[in-house]
Amino acid sequence: MGRKLLLDKAHIENIRLYDVYRQHGGYRSVEKALKSMSPDQVTEEVKKSGLRGRGGAGFPTGMKWSFLAKPEGIPRYLVVNADESEPGTFKDRYLMESIPHLLIEGMITASFALGSRTSFIYIRGEYAWIVDILEQAIAEAKHNGWLGKNILGSGFDCEIYVQRGAGAYICGEETALLESLEGKRGNPRIKPPFPAVKGLWDCPTVVNNVETISAVVPIINEGGEEYAKIGMGKSTGTKLISACGNIRKPGVYEIDMTISVEDFIYSDEYCGGIANGKKLKACIPGGSSVPILPANLLLKTAKGETRLMNYESLSDGGFATGSMMGSGGFIVLDDSQCVVKHTYTLARFYRHESCGQCSPCREGTGWMEKILLNLENGKGKMSDIDLLWDIQRKIEGNTICPLGDAAAWPVAAAIRHFRDEFEWHVTNPEDAVRRNYGIGHYADPVHVPVG
Amino acid sequence: MAEDKKLFKVTIDNITIDVEPGTTILHAARQIGGDVTPPAMCYYSKLKGSGGKCRTCLVEVAAGSTADPRPMPKLVASCRTNVMDGMVVKNITSDRVLDARAGVVEFLLLNHPLDCPICDQAGECHLQDLSYEHGEEGTRFEFKKRTFEKEDIGPYIQLHMTRCILCYRCTYVADQLTDERVHGILDRGDHAEISTYISRAIDNDFSGNMIDVCPVGALTDKTFRFKNRVWFTKPVEAHRDCDKCCGKVTLWQRGDEVLRVTARKDEWGEVKSYEGKTGWICNTCRFDKKQVSDWVIEGPANVNRHSVISQGHYVGVQQPKETMPEVMGGRTPKLLMDIHEVSGVNRVDISALPGPATSKTFTKNEQ
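Going down the list, the protein sequences come from chains A and B.
The first sequence begins at 1 in the numbering used here and counts up by one.
The second sequence begins at 1 in the numbering used here and counts up by one.
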């Protein structure tokens, strides 16, 4: 049984309310930080903890904070990215819904470390009811003196505002988020300059994920070194995984990054195995943008080692035989699922969500969607598979923001690992619309080096 | 010597040049000129914030700088990346760049209608040049292209959204040149479009410059639409005293008729600058002054001799060999329909005219 740091109190009744949260040790980290630590000490603790960004890229948070430019006389901002729109990822939603004060507490501590007197939560528009929950939590915090002027007599002022997005996936990209927060069209900016130098209203800004900021609370409470003892290697602390798909127990789980993928899927503590007695076919371990893995490569790496649920192990083997931790959206596919249809669904999503600013992504995503729809409906050609490969190759790395990569990777991985299923769709057009290809040879735990 | 500003040494395709710090790779390459200059569809040096979107100017940075000679992992947009001292850039010497660029050209042409035969921009279209130089023959796109209704934005400009490549240049013109922002991008992805909100007219003295910055035929001059092909017209530089703009223009003439007025453009297709100020022209000069007498003629404009515009002289042209009778065994094809009878345009024997044909020649009032 792994330790829980973020969700350990989530089951307590009315933890959403300030009084209950405070009774269970809430806001201790703010007290500790503001009364006994300097901002640099807080940053140092976060650095020691080895906390990595939980939004997808996995960049070390302490490092990100120390990159923040600190010129005199210019305000700095902390922006929390709650624009959780990745298909398969819903961990932040659960966190904010069940224990909103944890985020607020983390934000106050982080704002103190960064010197941000005005901090923002940019939340996706579809999470309309969570805005109310957060605003209630902010009001309660303010009423009890954790926000506002001169918090705890430390001389530090801080205000938190919630801003709703209007339903665009692209606004989860940090610079598009800042544009949108400024009231403009949410197009990603061209980097450099990075937000740490010129972010919100051209001021130095740190953009962090909800889970990252929430993790600051246990780090300050227990100390960075204690936090770093949990987990292994460079994957320290705990991670929220939102598991969904064909599993017995979908939901949000907090894991300590030492358990194996096999345990996570099959143990009763977590996903409880594949639903309806079916077999595991494939899995997207980190949200829709990361490469899909067939069962054999998911449970064991190409070298035959057991694959663990952490940053290093999931990306072991690069994109040829590995995937990514991503944002922790764990999507499991059983043998009744069609990978071509699944890839088409993702392509349709990325086509719809491309901002249309740079040409490879704008045009390429639409093209891929059309080809995949043909393949799915049994109208494809053998050459379409190579064409898809060529299109994704020309999108990847050539766009302004990572959405182009995110659109290209799922298609590339699906072709890389499930090419025979694509070919079956071409050679058996009538079967393709009536039934699924099934499991193929992917579930065999034999390691197949794939190039 | 110590007072000299330190110049950055940058090598592009094995040609080394010293440039001022803060210069972008694209500008350094433009200083060298020729083939090493990456093409640019969305970047416009006179419009702040433009660039980075079309991805045609992607280059490979083989060494970041003398201090940090690591290569950059991704291709970078040369229009928005500043040079560093000792930077080594590969443009046409890099296969990666050429491959990516061919991809970008293919993407740009995916939804472009390729209606060049009826497009007013043909002959001075950047997309035409780009696809000619970097594109592949044929297309792999087998689907219906995206189409839009034509839209009039204001009395002088027609928007042909189907042709647009979403370079955002015109929105920067609206933002930076005109007082009121009246148009922008609606929607997103491949269904994004440039438009005024609820078809509002663009009514501003400098709105016509959108036509000049548009790299394709998406924004066209309604006073020139279908009047003539650009390569049949003769560009002449002229000026007039204008209280709104610099008054320095290019007249596009056919005989004595002024068919079109545009701002003067440099070799990169951008509006020229005079004494540090960009030579944007106002709508009065562009749309209302269509008489030769309105202008002081300076002389013929310089046109790149590779441009189709400089090919528009029909002296000593040889009649192409007629192959039809040969194919048909000596017979000539029988016309089932004479286009002149259907089109309503009067028949003119062009070779019998004393000078070049103009739009007046084709008016039907002589009968």
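Bear in mind the hints are in silico, worked out from the structure with no lab data behind them.
Since we're looking at a predicted model, the values are computed, not measured.
The reader is advised that the hints may include incorrect statements.
Stated by the list, open to error - Computed list of lysine to any residue pairs in SDA-like fashion (alpha-carbon distance at most 20 Å, straight line):
id : chain 1 : residue 1 : chain 2 : residue 2
1  : A       : K191      : B       : K145
2  : A       : K191      : B       : M84
3  : A       : K142      : A       : E179
4  : A       : K191      : B       : W268
5  : A       : K381      : B       : K74
6  : A       : K149      : A       : R164
7  : B       : K74       : A       : K48
8  : A       : K191      : B       : G64
9  : A       : K149      : A       : S38
10 : A       : K191      : B       : T139
11 : A       : K370      : B       : T66
12 : A       : K341      : A       : K381
13 : A       : K381      : B       : R140
14 : A       : K184      : A       : V162
15 : B       : K321      : B       : N302
16 : B       : K74       : A       : C244
17 : B       : K145      : A       : N144
18 : B       : K48       : A       : K48
19 : A       : K379      : B       : M72
20 : A       : K234      : A       : T301
21 : A       : K184      : B       : T171
22 : A       : K379      : B       : F143
23 : A       : K191      : B       : R80
24 : B       : K48       : A       : T301
25 : A       : K279      : A       : C244
26 : B       : K48       : A       : P192
27 : A       : K370      : B       : D68
28 : A       : K48       : A       : K234
29 : A       : K381      : B       : E142
So, going through the hints one by one against the coordinates:
1. Restraint check: the Cα-Cα separation between K191(A) and K145(B) comes to about 32 Å, which exceeds 20 Å; the hinted pair is violated.
2. Restraint check: the Cα-Cα separation between K191(A) and M84(B) comes to about 16 Å, which is no more than 20 Å; the hinted pair holds.
3. A threshold of 20 Å between alpha carbons decides the hint, and for K142(A) with E179(A) the separation of about 28 Å lies outside it, so the pair is violated.
4. For the hint linking K191(A) to W268(B), the alpha-carbon distance of about 25 Å lies beyond 20 Å, and the restraint is violated.
5. Simply put, K381(A) and K74(B) have alpha-carbon atoms about 32 Å apart, too far for the 20 Å limit, and the pair is violated.
6. Pair hint K149(A) plus R164(A) does not hold up; C-alpha atoms about 25 Å apart against a cutoff of 20 Å.
7. With a C-alpha separation of about 31 Å, the suggested pair K74(B) and K48(A) falls outside the 20 Å cut-off, and the hint is violated.
8. Between K191(A) and G64(B) the CA atoms are separated by roughly 16 Å; this keeps the pair inside 20 Å, and the hint holds.
9. Using a Cα cut-off of 20 Å, the hinted pair K149(A) and S38(A) holds, with the two alpha carbons roughly 18 Å apart.
10. A threshold of 20 Å between alpha carbons decides the hint, and for K191(A) with T139(B) the separation of about 32 Å lies outside it, so the pair is violated.
11. Between K370(A) and T66(B) the CA atoms are separated by roughly 46 Å; this puts the pair beyond 20 Å, and the hint is violated.
12. Restraint check for K341(A) and K381(A): satisfied, since their Cα atoms lie roughly 16 Å apart, inside the 20 Å limit.
13. Between the alpha carbons of K381(A) and R140(B) the distance comes to roughly 12 Å, so the proposed pair stays at or under 20 Å and holds.
14. With a CA separation close to 17 Å, the supplied pair K184(A) and V162(A) stays within the 20 Å bound.
15. Straight-line distance between C-alpha atoms of K321(B) and N302(B) comes to about 33 Å, which puts the hinted pair past the 20 Å bound.
16. Taking the CA atoms of K74(B) and C244(A), the gap is about 34 Å. The hint is violated against a cut of 20 Å.
17. Note on K145(B) and N144(A): the hinted pairing is violated, with a Cα-Cα distance of about 59 Å set against a maximum of 20 Å.
18. The hinted pair formed by K48(B) and K48(A) fails the criterion: a straight-line CA distance of about 42 Å is larger than 20 Å.
19. This hinted pair does not check out: K379(A) and M72(B) have alpha carbons roughly 41 Å apart, beyond 20 Å.
20. For a cut-off of 20 Å, the pair hint linking K234(A) to T301(A) stands: about 18 Å separates their Cα positions.
21. In summary, the hint linking K184(A) to T171(B) is supported, as the alpha carbons are separated by about 13 Å, within the 20 Å threshold.
22. Of the supplied pair hints, the one linking K379(A) and F143(B) holds, its CA atoms being roughly 13 Å apart against a limit of 20 Å.
23. Restraint check: the Cα-Cα separation between K191(A) and R80(B) comes to about 9 Å, which is no more than 20 Å; the hinted pair holds.
24. At roughly 49 Å between alpha-carbon atoms, K48(B) and T301(A) are farther apart than 20 Å, so this suggested pair is violated.
25. Distance check on the hinted pair: K279(A) and C244(A) sit about 15 Å apart at the alpha-carbon level, within 20 Å; holds.
26. The hinted pair formed by K48(B) and P192(A) meets the criterion: a straight-line CA distance of about 16 Å does not exceed 20 Å.
27. For the given pair, K370(A) sits about 43 Å from D68(B) by alpha-carbon distance, which is inconsistent with the 20 Å threshold.
28. In summary, the hint linking K48(A) to K234(A) is supported, as the alpha carbons are separated by about 11 Å, within the 20 Å threshold.
29. With a C-alpha separation of about 12 Å, the suggested pairing of K381(A) with E142(B) holds against the 20 Å cut-off.
Comparing the model with each numbered hint stated earlier shows that hints 1, 3, 4, 5, 6, 7, 10, 11, 15, 16, 17, 18, 19, 24, 27 do not hold.
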